[in-house]
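Engineer: Each protein sequence line maps, in turn, to chains A and B.
Going by full-length UniProt numbering, the letters in the first sequence line up with residues 1 to 231, in that order.
Going by full-length UniProt numbering, the letters in the second sequence line up with residues 1 to 518, in that order.
Hints are supplied without guarantee of correctness; some may be wrong.
Restraint-style ranges between C-beta atoms, simulated for each label pair [what the hints assert, rightly or not]: (1) Ser137/A to Val242/B: 54 to 60 Å; (2) Asp206/A to Leu320/B: 28 to 34 Å; (3) Ala215/A to Leu374/B: 35 to 41 Å; (4) Leu320/B to Asp214/A: 36 to 42 Å; (5) Asp214/A to Ala202/B: 38 to 44 Å; (6) Ser381/B to Arg76/A: 51 to 57 Å; (7) Glu116/A to Asp37/B: 54 to 60 Å; (8) Thr29/B to Ala78/A: 51 to 57 Å; (9) Asp212/A to Leu31/B: 56 to 62 Å; (10) Gly218/B to Glu60/A: 19 to 25 Å; (11) Ala215/A to Val465/B: 25 to 31 Å; (12) Ala504/B to Asp212/A: 53 to 59 Å.
Selected chain A positions facing chain B (in silico; Cβ < 10 Å) [claimed, not checked]: (13) Gly57; (14) Asp90; (15) Asp91; (16) Phe93; (17) Phe94; (18) His102.
Now the stretches of chain B that chain A is said to cover, found in silico as 3 or more residues with beta-carbon under 8 Å [stated by the list, open to error]: (19) 115-122; (20) 355-369; (21) 492-502.
Treat the hints as calculated values from the structure; they're not laboratory data.
All figures in this text were calculated on a predicted structure; none of them were measured in a lab.
We put the CB at the ideal spot given by N, CA and C, even for glycine.
Next come the chains, spelled out residue by residue.
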Amino acid sequence: MRNPPGSDLLVAGGLAVGHGAAPVCAPVDLRLSAGRALAVVGPNGSGKSTLLRTLVGLLEPLAGTVTLAGASVDERSAAFRRDVAAVLDDDSFFVSLTGREHLLLTARGHGVAAAEEVVAAEIEAFGLAERADALPSALSSGQRRRLALAAAFVRPARLLVLDEPERRLDAGMRTRLAARLGGLRDAGTAVLFASHDAELVGTVADEVLVVDDDACRVLAPAEAAGRIAEL
Amino acid sequence: MAAGTTVAPLDGAAVRRWTRRATAARASTTLGQRLSDAWGGLVSAGVGLAVAGGGLASLRERIALAGAPVTGTVLPAPLTSAALVLLALAGVVVVLARLGPVSATPAAAAWWLPLPADRRGLLRGELVRLTAAVGAGAVLLALPLAFGAVAAPTAASVLGGLGWAVAAAVAAVGGTVLLQTRRRGRGPAAAAGAVAGAAAVAPAVVGTLAAAGGTPVGAPALGTPPAWALAAAALAAAALLVQADRGLGRLDAGRLLAGGVTAGQASGSLLSLDTRQLGRALAGRDRPPRRSRRLTPVRRPWQAVVAADLAVLARGRWQLGQLAVAAAVPVVVARTEGLGALPPLVWAGCLAGWGLAATAAGRAAREAHGVPELDRLFALSAAAVVRSRAVVPVLATGVVCAVSGLLLGVGTGLVGTWALLGLAVAPAWAAASLRGATRPDPDWSGPVVSTPMGVLPAGVGATLVQGVDVGVAGSLPLLAALGTGGPTPLLVAVQAAWSLLLAAAVLVHLGRRRSPGS
């Protein structure tokens, strides 16, 4: 399903996140519309990953609300899973399935027509053509990361959520990933990503959410330049 | 990004099938190998069951011929049996709740759960496997009991026993999964833990009070339950399971993954026979402290070690309950009619209870063994660290063994001597606690021993018994006391000397083995 341009897709209000009773950062307010990209930046341990996990329903909010297209976020809903593609810190694979089979499972599980062609194209785009039929144990750490990222591209989604997508990628792949994310954003997908890569943030993000203990603020990239430079 | 959806996505069952077929396509094992493995497993299980059943039947005959009990036996056997069944059932529920019970492996959480496929269809296979595994376990436990614990087993009595076991197992699975689907995953573990504690402690208290009053506890005359009762129980268990199945779609990915990680750790440690790691996997999180301790009484490094160990003991979710159960087990065995008349059986009850105490008391040492750099923070020699680390186990096992001894002595006129005898055994169990906590990892390179039940890795066995061996050896004078009708001051002195000697030897050995840089 394509997003209506300009409408708020993901909305969080007074959102407190954490693994126990105490929040890991200040409350978060954000709005992300279709065709926009929001980068989440902050130092290690500031709560970026916890925030993303809460926004995609993998953790319950300690306080506040999160909605996707007006409905409360509930990862147990098939419609939510159809709309949201997320690549967080997962590095887990079925030991007996090849890289190509992982992507086919994802594409067919989402009802993608011509799944084999779509998967073949993403394998090519992520530079995995030589290793696509190898088992995950035979892939390098960077190749496994590419495979996990490719899974987010072989399926349709209204919102794409990525946690430090640049991790373990070489410089060339980071540049190509930035271009892909920009293309997705321009095609109407909302993109939310946490990153320590100033170039990726500068290229892709329309706005930047700076996560901190004292306050979490959404800034324009120019306003957040100082914080991005610290990345 | 892929074009819009134009075909029907795979449903949960189809996703499972697709993954299974893709996996099977490159499986290296043949059908013949799988059948051979299954046959080997069946034969091993059959021999094991026959040995267990024979052992129980022999025990029953020895009980019938036994003489006077070691202490006054006031608990009727059916009451203790009911407590044991409750304890086992509560244990199963605790383990199930810790494992999820329905869970997803990290791979399934990453590649299955984000799909829009119906979650019920994805998880149903897991529920079926879980039910089959727990049901099979119940049958394996019930079979030797059904054949060995009854004087003249009939087809009806055996089938009835197995039926009740399977119904209980299915109800346990169905009930815990149902609570999991209603987001009450931690409740059953805590409740079952409390039930297990009560099932062990209550008979000990009742038995002690009855012994003090000199009146045996009366047991209601219970006949064999009618077939309709079993049918009703089976129906109720099936209904629970059906309800649980209907709720599978309500399970959230975060909790499924957490259970899957725990299950992975537990099954890995079970396969490698690493009981220490298994305990860590199943222990769960500690109680979160309300505030950090100020540790003001700590003035010296050894006191810091002791204070840290005490904090670990107090914050553990299960340790204090385990110590209470540990103190109760010897009392229940000794006070039960039939069991209490066999000194080796009472001794075995003491070993089981005090072994549990040693395990609970050794948790801090086990954790420190896994993170040796912690000990290096203090200006203490390796020997001094070991001595400091022995303080909490000595206190814990001292209290448990003395309480057990004291309760065993009630009604015998020798309460003080029994309590002293218990206290005298404690140093050996404290040493056992430390030796078990710091034992090396299982050694799989050692020789194997072929038995009718399959090949046993003797090298691993030699590692696993480290700790228990000292406790058993240290309790030999206790066996003499039980066999000669009760403790005497001389036996207490012998017990204390022997126990202290073993403990000193263990501490010296461990101090030498653990160099400061290890």
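Engineer: Does each hint hold? Answer for all of them.
Structural biologist: Each hint tested on the structure:
1. Distance hint for Ser137/A and Val242/B: a CB-CB separation of about 39 Å, inconsistent with the stated range 54 to 60 Å.
2. Take Asp206/A and Leu320/B: their Cβ atoms lie about 55 Å apart, and the range 28 to 34 Å is violated.
3. Between Ala215/A and Leu374/B the C-beta distance comes to about 37 Å, which sits within the given range of 35 to 41 Å.
4. A hinted range of 36 to 42 Å for the beta carbons of Leu320/B and Asp214/A is consistent with their spacing of about 41 Å.
5. At about 54 Å, the beta-carbon gap between Asp214/A and Ala202/B misses the expected band of 38 to 44 Å.
6. Remark: the range hint 51 to 57 Å for Ser381/B to Arg76/A is upheld by a beta-carbon distance near 56 Å.
7. Between Glu116/A and Asp37/B the Cβ separation comes to about 36 Å, which falls outside the hinted range of 54 to 60 Å.
8. In this structure, Thr29/B and Ala78/A break the distance hint of 51 to 57 Å, their C-beta atoms being roughly 35 Å apart.
9. A beta carbon spacing of about 60 Å between Asp212/A and Leu31/B agrees with the range 56 to 62 Å that was offered as a hint.
10. For Gly218/B and Glu60/A, the Cβ-Cβ distance of about 51 Å falls outside the hinted range of 19 to 25 Å, so the restraint is violated.
11. Taken as a hint, the range 25 to 31 Å is violated for the pair Ala215/A and Val465/B, whose Cβ atoms sit roughly 59 Å apart.
12. For the hinted restraint 53 to 59 Å between Ala504/B and Asp212/A, the CB-CB distance of approximately 57 Å keeps it satisfied.
13. Because the closest C-beta pair between Gly57/A and chain B is about 7 Å apart, less than 10 Å, the hint holds.
14. The interface hint given for Asp90/A holds, since its Cβ lies 4 Å from the closest Cβ of chain B, which is under the 10 Å cut-off.
15. Nearest Cβ of chain B to the Cβ of Asp91/A: about 8 Å, under the 10 Å cut. The hint holds.
16. The restraint placing Phe93/A at the interface with chain B holds, with a minimum CB-CB distance near 6 Å, inside the 10 Å limit.
17. With its C-beta approaching chain B no nearer than about 5 Å, Phe94/A sits inside the 10 Å limit, and its interface hint holds.
18. Checking His102/A against chain B: minimum C-beta separation of about 6 Å stays under 10 Å; hint holds.
19. For the stretch 115-122 of chain B, the stated coverage by chain A is satisfied: 5 residues place a CB nearer than 8 Å to a CB of that chain, which reaches the threshold of 3.
20. Closer than 8 Å: that is the beta-carbon criterion, and the stretch 355-369 of chain B has 0 residues meeting it against chain A, so the requirement of 3 is violated.
21. Coverage of the stretch 492-502 of chain B by chain A is violated [criterion: at least 3 residues with CB-CB distance below 8 Å; count 0].
When each numbered hint is compared with the structure, violations occur for hints 1, 2, 5, 7, 8, 10, 11, 20, 21.
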